[in-house]
Amino acid sequence: MLYFIEQCLNGVQLGMLLFLLAAGLTLVFGIMDLVNLAHGSLYMLGAYFAATFAVLTGSFVLAVILAVAASLVAGTVLEVVAIRRLYERSHLDQVLGTFGLLLFFNELVRLVWGPAGMSLALPIQMLAAVQIVPGFYYPAYRLVIILVALAVAGSLYFVVMRTRLGMLIRAGASNREMVGALGINIKVLYTLVFGLGAALAGFAGVMQAPILTVQIGMGENILILAFVVIIIGGVGSIRGAFVAAIVVGLIDTLGRAFLPDMLHRVLSTNAAATLGPALSSMSIYILMAAILVFRPEGLFPAASR
Amino acid sequence: MTAAADPSIKAATTSPLAPRNAVTIVLLAVLALIPLYATLSGNSFALTLFTRVLILAIGAVSLNLIMGYGGMVSFGHAAYLGIGGYAVGILAKEGIGSGFIQWPVAVAVSALYALVVGALSLRTRGVYFLMITLAFAQMIYYVAIGLDRYGGDDGLTIYNRSQFGGAIDLNNKTLFYYVCLALLLGSIYLVARIVNSRFGLVIQGARTNERRMRAIGFPTFRYKLVCFVIAGAMCGLAGALLANLTNFISPALMHWTRSGDLIVMVALGGLGTLFGPLIGAVAFLLLEEGLSRVTEYPNLILGPVLLLVAIYAHGGIEGLLAGRRDG
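In order, the protein sequence lines correspond to chains S and P. For any residue, its number in my numbering is found by taking its place in the first sequence, counting from 1, and adding 5. For any residue, its number in my numbering is found by taking its place in the second sequence, counting from 1, and adding 5.
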């Protein structure tokens, strides 16, 4: 039972991470109608920035702050230089262009940081385990990820739903020309949204850096997961992304933890050993396909345009 | 320019010396002479490289059928390369070496997979279609990783190429090259016949305005599904060829970036044109190869090139040659 709770927490933690990535992706997707395959590159850059700043400053917290700021800058520059020219193009051109960017960033990282991966050490306080219920300990850092991501999710929801900026963002999503006609500089607004998405992606990379190795291509597989999340949640919906991220995180983690054992009870050892890992890797894609078959616009379709 | 574009396209297709036709003719002539060059110069690497180009061009041609003519942007097309490849690899491992069995199985299994995926995913459109095809391809990718008997993550070596009972020996590199070239030209011819048929016109009509096509009375879903299956079967054949070329299959064959490569080839060459995918495949793979010779960081240049093509050259290389400014 304790193992089950631990795996659930792990699932929520993965879900939170996916949410940070998916939030930016779904904003950019829903508002600018841009398919951005390079979103995973910003996640990767965030992680590399954090590892570098940690070495330079010697402080974990400072490294996190600097890395998020650097991701914001990188995203803003990227938007101004390249991305804004893709908004008006077809999805296919966007896939082509951002696929090029993805190749470019992978190579750039190899040029700057070298082919070997990096690691980011946690400060000593974060290494401890926290007792949640008597007799049940959970790594402090993973708990921090969950709490911080929850806070980010909350403030993001507040910004989008309750502030003037958020109102403009939503207005820009439903009618770009009208917002422009009312005297809002839509270009700056888009740059801002993209920068925000980049900062969130970078932040996700930073948070994940101490758990995984920081390496080239780390953004690619998780990018696909983030796409799955926003498709399940419904493109453009932050609430949908939040729910879908937790569902995907839980299913993926619990599937990996328990599916092989469960298969073991009904199948022979050999078959279970083969089928288990494959089936648990596939589970979220099966979920996505099933949801799309029954709800072709995802669970929470954004208000129709 | 847009108003004048139509006559200029007509002129380009009728005049054999128009730039796009000239390029196509020269390209085909060069492709036909590659084995001669390889034999004379002793450069067998060129032959292998171009065999690979031809095979991936078949994949790009098939993707173009659904993406360019049918408007179905599939981000999971590499799955067929994998299915075709694994069909050959698995049969070879189980002792069935005959190409007369291997290749039809590769095509049939690909078609069956396309039928299932298409039936489910053609209910969605646009970006949702793109993502659901990607999801199915990821599933197949993980299935391949789970196939412990056939190498799992590490892949599987194929010790013998498909045998055609002495009629065709694929170990003869030149012969293998010409088999691929013939199949490529065959697939381009097939696509040409399809898109100019009534069936193809329905497909293209559904791309432009599906609601109107349905209103006229065409069950567009069925038409699109058949088109999707044909493309899948063609790409499955390319997968069987690829496995024969490399004598090796692994899940990497259908990593999602492979599907991205195929999309790049089609978009680079010219979406919805007959020879565009071939031109795109040649341009992309040669650029990749050439850049990796002059620099240690080829993608630092290749990436921005793709970005520039996406931004400025709508219609790809074919579009540039035809002097088109719009899609």
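Derived from the structure by calculation, the hints contain no laboratory data. A few of these clues could be false.
Only some residues are given here: those of chain S computed to face chain P with a beta carbon under 8 Å [unchecked claim]:
1. ALA74
2. VAL78
3. ARG90
4. TYR92
5. GLU93
6. ASP98
7. LEU170
8. GLY171
9. MET287
10. VAL298
Sample of chain P residues with no beta-carbon within 10 Å of chain S, all distances over it, derived [said to hold, decoys possible]:
11. ASN48
12. ARG130
13. TYR133
14. GLN168
15. ALA172
16. GLY191
17. GLY210
18. LEU311
Keep in mind it's a predicted model, so treat the numbers as computed, not measured. For each residue, glycine too, the CB sits at the ideal point set by N, CA and C.
Hint check:
Residue-level restraint check for ALA74 of chain S is violated (minimum Cβ-Cβ distance to chain P is 25 Å; threshold 8 Å). Given hint, VAL78 of chain S at the interface with chain P, is violated; its Cβ is 20 Å from that chain's nearest Cβ, farther than 8 Å. Taken as an interface hint, ARG90 of chain S checks out: its beta carbon lies about 5 Å from the nearest beta carbon of chain P, inside 8 Å. Interface restraint check for TYR92 of chain S: the shortest CB-CB distance to chain P comes to about 11 Å, outside 8 Å, so the restraint is violated.
About 10 Å separates the beta-carbon of GLU93 of chain S from the nearest beta-carbon of chain P, more than 8 Å, and the hint is not met. Given the 8 Å rule on beta carbons, the hint for ASP98 of chain S holds: about 4 Å separates it from the nearest Cβ of chain P. Interface hint at LEU170 of chain S: violated, since its Cβ lies 26 Å from the closest Cβ of chain P, which is beyond the 8 Å cut-off. Annotation: interface hint on GLY171 of chain S violated; nearest CB of chain P at approximately 24 Å, more than 8 Å.
Here the hint on MET287 of chain S is kept, as its CB sits about 5 Å from the closest CB of chain P, short of 8 Å. Restraint check, VAL298 of chain S versus chain P: the minimum CB separation of about 5 Å is within 8 Å; hint holds. Residue placement check: ASN48 of chain P keeps its beta carbon more than 10 Å from all beta carbons of chain S (closest about 28 Å). Once the 10 Å rule is applied to beta carbons, ARG130 of chain P is inconsistent with being away from chain S; the minimum gap is 8 Å.
A Cβ of chain S approaches the Cβ of TYR133 of chain P within 10 Å, the least distance being about 6 Å, so the stated non-interface status is violated. Every CB of chain S lies more than 10 Å from the CB of GLN168 of chain P, the least distance being 29 Å, so the non-interface label holds. ALA172 of chain P, annotated as away from the interface, keeps every beta carbon of chain S farther than 10 Å; the closest lies near 37 Å. Its beta-carbon lying about 26 Å from the closest one in chain S, GLY191 of chain P satisfies the requirement of being farther than 10 Å from that chain.
Every CB of chain S lies more than 10 Å from the CB of GLY210 of chain P, the least distance being 19 Å, so the non-interface label holds. Not every CB of chain S is more than 10 Å from the CB of LEU311 of chain P (nearest about 3 Å), against its label as outside the interface.
In terms of the numbered hints stated before, the structure departs from hints 1, 2, 4, 5, 7, 8, 12, 13 and 18, listed from lowest to highest.
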